[in-house]
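There are 2 protein chains.
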Amino acid sequence: MTIRFNVRALVLALTLGCAGALHAQTNEPVSPIPYPAAGDPAKIELGKKLFFDPRLSKSGFISCNSCHNLSTGGSDNLATSIGDKWQQGPINSPTVLNSSLNMAQFWDGRAGDLREQAGGPIANPMEMAFTHELAIALLASIPDYVDEFKQVYGTPEITIGEVTDAIAAFEEVLVTPDAPFDLWLKGDQTALSDQALAGYQLFKTSGCVACHNGPNLGGRSFQKMGLIEPYQTDNPAQGRSAVTGQDADRFSFKVPTLRNVELTYPYFHDGAVNTLTEAVDIMGRLQLGRHYSAEENAQIVAFLKSLTGKQPEIVLPILPPSSDETPRPTPFGP
Amino acid sequence: MTIRFNVRALVLALTLGCAGALHAQTNEPVSPIPYPAAGDPAKIELGKKLFFDPRLSKSGFISCNSCHNLSTGGSDNLATSIGDKWQQGPINSPTVLNSSLNMAQFWDGRAGDLREQAGGPIANPMEMAFTHELAIALLASIPDYVDEFKQVYGTPEITIGEVTDAIAAFEEVLVTPDAPFDLWLKGDQTALSDQALAGYQLFKTSGCVACHNGPNLGGRSFQKMGLIEPYQTDNPAQGRSAVTGQDADRFSFKVPTLRNVELTYPYFHDGAVNTLTEAVDIMGRLQLGRHYSAEENAQIVAFLKSLTGKQPEIVLPILPPSSDETPRPTPFGP
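Just so you know, the sequences run in chain order D and G. Oh and the first sequence: position 6 is 5 in numbering that gives the first Met the number 0, straight run, nothing missing. Oh and the second sequence: position 96 is 95 in numbering that gives the first Met the number 0, straight run, nothing missing.
Fair warning: there could be bad hints in the mix.
A pair counts as met if it fits within one copy or between any two copies, since identical chains are not told apart.
The calculated lysine-lysine pairs, modelled on DSS-like cross-linking and capped at a C-alpha distance of 30 Å, are [as the list claims (entries may be wrong)]:
(1) LYS185 x LYS203
(2) LYS48 x LYS84
(3) LYS149 x LYS48
(4) LYS149 x LYS309
(5) LYS84 x LYS203
(6) LYS84 x LYS185
(7) LYS84 x LYS149
(8) LYS223 x LYS203
(9) LYS309 x LYS203
(10) LYS223 x LYS84
(11) LYS309 x LYS48
(12) LYS309 x LYS185
(13) LYS48 x LYS185
Just so you know, these hints were derived from the structure itself, not from any lab. Just so it is clear, the structure is predicted and the values come from calculations on it, not from any experiment.
Let the hints inform the model, and build the full structure from the sequences given.
Okay, here's the thing in structure tokens:
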């Protein structure tokens, strides 16, 4: 038996040798999305429940997944999001997918990490319109949540730090490895079409990659929107200057990831642009002073579509029911 | 080998014999939830996508799952639902779980089956606020949907009949077998606590079971809400008379299922009651003229909680992206 298996392994090695071993692309400004770390399964499961739980909103209707919908690229595919009482959000919801690879969170980077970010929408009166105190009181009234928090954090008391820590732990596994482009980076020469490969070359040579680089093709710097020509928008967002107070940072935004960009329309911080074709055209002109031909544009779009990775397989959580003591949502109240 | 397995089977049979074989409860007015039929996997998968797709609403924000949330017992746990532009719905959203076992759909039974029901909310201006024509045009603009419909229905043209047929096929597998009470019905004497068993006896002897019977403990008849005493509510719903035009049917509603009732708070057609304790008390007084003691009430509540079945395990669908030609949602437009 041992001999037979050794012979098989030898045959396999020879076959692979003949077909050509995989030679990874080196010295590229983009690297593959790493597989998620194992993490703490109980914490991730708790974070998943919280991510999907609409009771963290005043209305009992809006959960993290409402605007970062894992069925639609971790975004809501709306120009700007819908918040409590149908309020129109000020800015386009960034995708939650691969967001752990960003240097900071929100378009203006006002949150340093996912933990800090996760507390924002819950208490934002335009979004989930709850408070951290009400969220904690609500969770503490649900026996199964109390048990789960105790199992994960070892204390009977639930804190907002634990809530955001668990949500962040779940979000950290929301990565999308093995996009066709990543398979190509890892050495699979058949993973990209000639058109997409030409698009990638153009993406590099014409300068897109100066900002959209690293594993997330973005998320590593703040850049001014409208470098060469100003960007025309009705959206009042000022970008990074809202955080730094520096006038020089006006209209500077965190460079968005291009991972799964085929799924995360509409584009730009104001969500004003519906198609990749239009987005590439605008980016070329405004950021690079370059007018891409129709053929060049199509090549870059083909490359961008090769960035759609394997979406996380999420089993919908079954949320623990409220108890008789749980405060009820007030979607229509003051 | 054959002999060895036969010996094992014999040992197993003897062991079961010693432990006492399962003797199913017979002649009970409630029967176990049947396991779902296999169905057509491709059609069910397509229906699942449609069920979760918010693009079937005008806003691009509301899907079937918004009000029939499979994380929360197939309901939204709101008194009345939130529709397009945060409109307040007229009535409590019934659970989608086990809804295929009902004789008709909606509280007033105006839809004969799930196919007929599924078309309602899409075109209801207070709910998803779309039209069937717009929904079809939208789906037809998404190449992956066109392929899936063609695979399932064999034609390149998408129709609203196919859309509702696929959604209904998905809903038909949303059943919740193996609740503790069902295990008891099947003969597992240890599945129910003494309290729950006493609650079931009281449920039968005091008359609840006259309306809440069959596999779904409801869904088989229309009954007047407030038989002995009138039910006080601000909700203007008239119930069955809206369908029949008969004054005798005023305030007559489809008897709701009690399956998973622990998860589907708040209760009654107006969603005015938050706890099972209160619901049992009101039902006893208004429908049966009976004032349950605190102990009796707790017994019935324990029985009702034994009706929570195995929730369907749903892998969140990944929705096919819109194309450049797909009409965009208008959440804030006229």
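| Hint by hint, which ones does the structure fall short of? | 5, 6, 7, 10, 13
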